[in-house]
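Kindly generate the complete structure, drawing on both the sequences and the hints.
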Amino acid sequence: MTPLSMTTPTDTTIEITRSFNAPVSMVWRAHTEPDLVKQWMTGPPGHTMPECEIDLRVGGAYRYVWVWDDNRMSAYGTFREIEVERWLLLTETFDIFPDNETLVEQVFREREGQTTVTMSLHYDSKETRDGVLQSPMKEGLEASYQSLERLISETV
Amino acid sequence: MTNLDTVFQALSDPTRRAILERLIQGEATVDEISEPFEMSQPSISRHLKVLEQAGLITTRIDGTSRPRRIEPLAFAAIEDWLTRYRAIWHANYERLDDLLEELKQEDDEK
Numbered sequence: 001m002t003p004l005s006m007t008t009p010t011d012t013t014i015e016i017t018r019s020f021n022a023p024v025s026m027v028w029r030a031h032t033e034p035d036l037v038k039q040w041m042t043g044p045p046g047h048t049m050p051e052c053e054i055d056l057r058v059g060g061a062y063r064y065v066w067v068w069d070d071n072r073m074s075a076y077g078t079f080r081e082i083e084v085e086r087w088l089l090l091t092e093t094f095d096i097f098p099d100n101e102t103l104v105e106q107v108f109r110e111r112e113g114q115t116t117v118t119m120s121l122h123y124d125s126k127e128t129r130d131g132v133l134q135s136p137m138k139e140g141l142e143a144s145y146q147s148l149e150r151l152i153s154e155t156v
Numbered sequence: 157m158t159n160l161d162t163v164f165q166a167l168s169d170p171t172r173r174a175i176l177e178r179l180i181q182g183e184a185t186v187d188e189i190s191e192p193f194e195m196s197q198p199s200i201s202r203h204l205k206v207l208e209q210a211g212l213i214t215t216r217i218d219g220t221s222r223p224r225r226i227e228p229l230a231f232a233a234i235e236d237w238l239t240r241y242r243a244i245w246h247a248n249y250e251r252l253d254d255l256l257e258e259l260k261q262e263d264d265e266k
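If you read the protein sequences in the order shown, they are chains A and B. When we follow this note's numbering, the leftmost residue of the first sequence carries the number 1, and every step to the right adds one. When we follow this note's numbering, the leftmost residue of the second sequence carries the number 157, and every step to the right adds one.
Each hint should be verified, as a subset may be incorrect.
Only some residues are given here: those of chain A computed to face chain B with a beta carbon under 7 Å [stated by the list, open to error]:
#1 Leu-4
#2 Met-6
#3 Ile-16
#4 Arg-18
#5 Ala-22
#6 Ala-30
#7 Thr-32
#8 Trp-40
#9 Met-41
#10 Gly-43
#11 Pro-44
#12 His-47
#13 Tyr-123
Hints were generated in silico from the structure; no laboratory data involved. We treat Cβ as the ideally placed atom computed from N, Cα and C, and that holds for glycine.
Given below as structure tokens:
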């Protein structure tokens with residue numbers, strides 16, 4: 001198990017990587033079966049996820065609902081690409097910002113009994129994201145983008 | 157609270173990122189900002205408006221001049237958001253570790 005790492009490979013991408021001491025089949029189930037997702041993706045302390053719906057097929061919808069105190073927040077979206085136990089590409093919108101759709105990519109890799117999950121959040125414009133979809137990992141995510149991290153360190 | 161999506165929307169355009177890189181070096185007027193771009197001043201002004209609405213830059217009034225500058229607080233807010241986001245996923249994944257252990261035990265019992 002390696003600790004969580006978070007980087008900003010481009011100005012508009014956040015990438016989180018974490019390894020788990022479990023086979024990929026199990027980690028995949030924990031990410032895609034509502035009864036399991038509800039148990040861990042609960043967010044900050046005091047939050048619970050009472051509702052979770054996942055229709056795991058391309059074009060299928062999912063919805064998470066979190067509650068805390070008297071508050072309630074949901075996230076929803078659809079699956080764009082699914083490669084079982086390898087790759088998920090989905091859209092994500094939070095009900096508090098209904099006009100903002102983020103593209104979330106999750107890559108699952110098992111090696112020597114450990115599974116690494118890399119989650120990337122693409123905040124690029126829709127045009128850029130569609131370009132990314134057509135040619136994953138090539139254009140659109142060029143290193144020519146100055147990283148947000150550098151921008152922050154130089155201005156704060 | 158900074159709406160991070162608005163900020164990322166503002167950052168999603170290469171011209172706007174170039175403008176920010178220029179402003180990191182110091183404040184500049186619209187004329188000075190426009191210079192390296194093959195773009196009309198009104199287009200540059202529109203980009204500046206987007207950056208300003210996202211809270212990434214501010215306008216200083218200096219007589220008839222309106223120099224733009226980077227808003228450090230906006231970047232601090234982004235950093236703050238990233239720190240909180242990291243904490244949430246750290247907690248999520250710790251719970252996932254526990255859940256995976258339970259699943260492994262269930263499998264062993266079968």
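Comparing the hints with the structure gives:
1. Leu-4: holds, 5 Å
2. Met-6: Given a least distance of 5 Å, the restraint on Met-6(A) holds.
3. Ile-16: holds, 5 Å
4. Arg-18: With a closest approach of 5 Å, the Arg-18(A) hint holds.
5. Ala-22: It holds, given that the least Cβ distance between Ala-22(A) and chain B is near 4 Å, below 7 Å.
6. Ala-30: holds, 6 Å
7. Thr-32: Hint violated; Thr-32(A) Cβ to chain B Cβ min 13 Å, cut 7 Å.
8. Trp-40: Where the cut-off is 7 Å and the nearest Cβ of chain B is about 4 Å from Trp-40(A), the hint holds.
9. Met-41: Hint holds; Met-41(A) Cβ to chain B Cβ min 5 Å, cut 7 Å.
10. Gly-43: holds, 5 Å
11. Pro-44: Interface hint status for Pro-44(A): holds (6 Å vs cutoff 7 Å).
12. His-47: Cβ of His-47(A) sits 9 Å from chain B, so the hint is violated.
13. Tyr-123: Hint on Tyr-123(A): holds, closest Cβ of chain B at ~3 Å, below 7 Å.
Hints 7, 12 from the list above are not met by this structure, while the remaining hints are.
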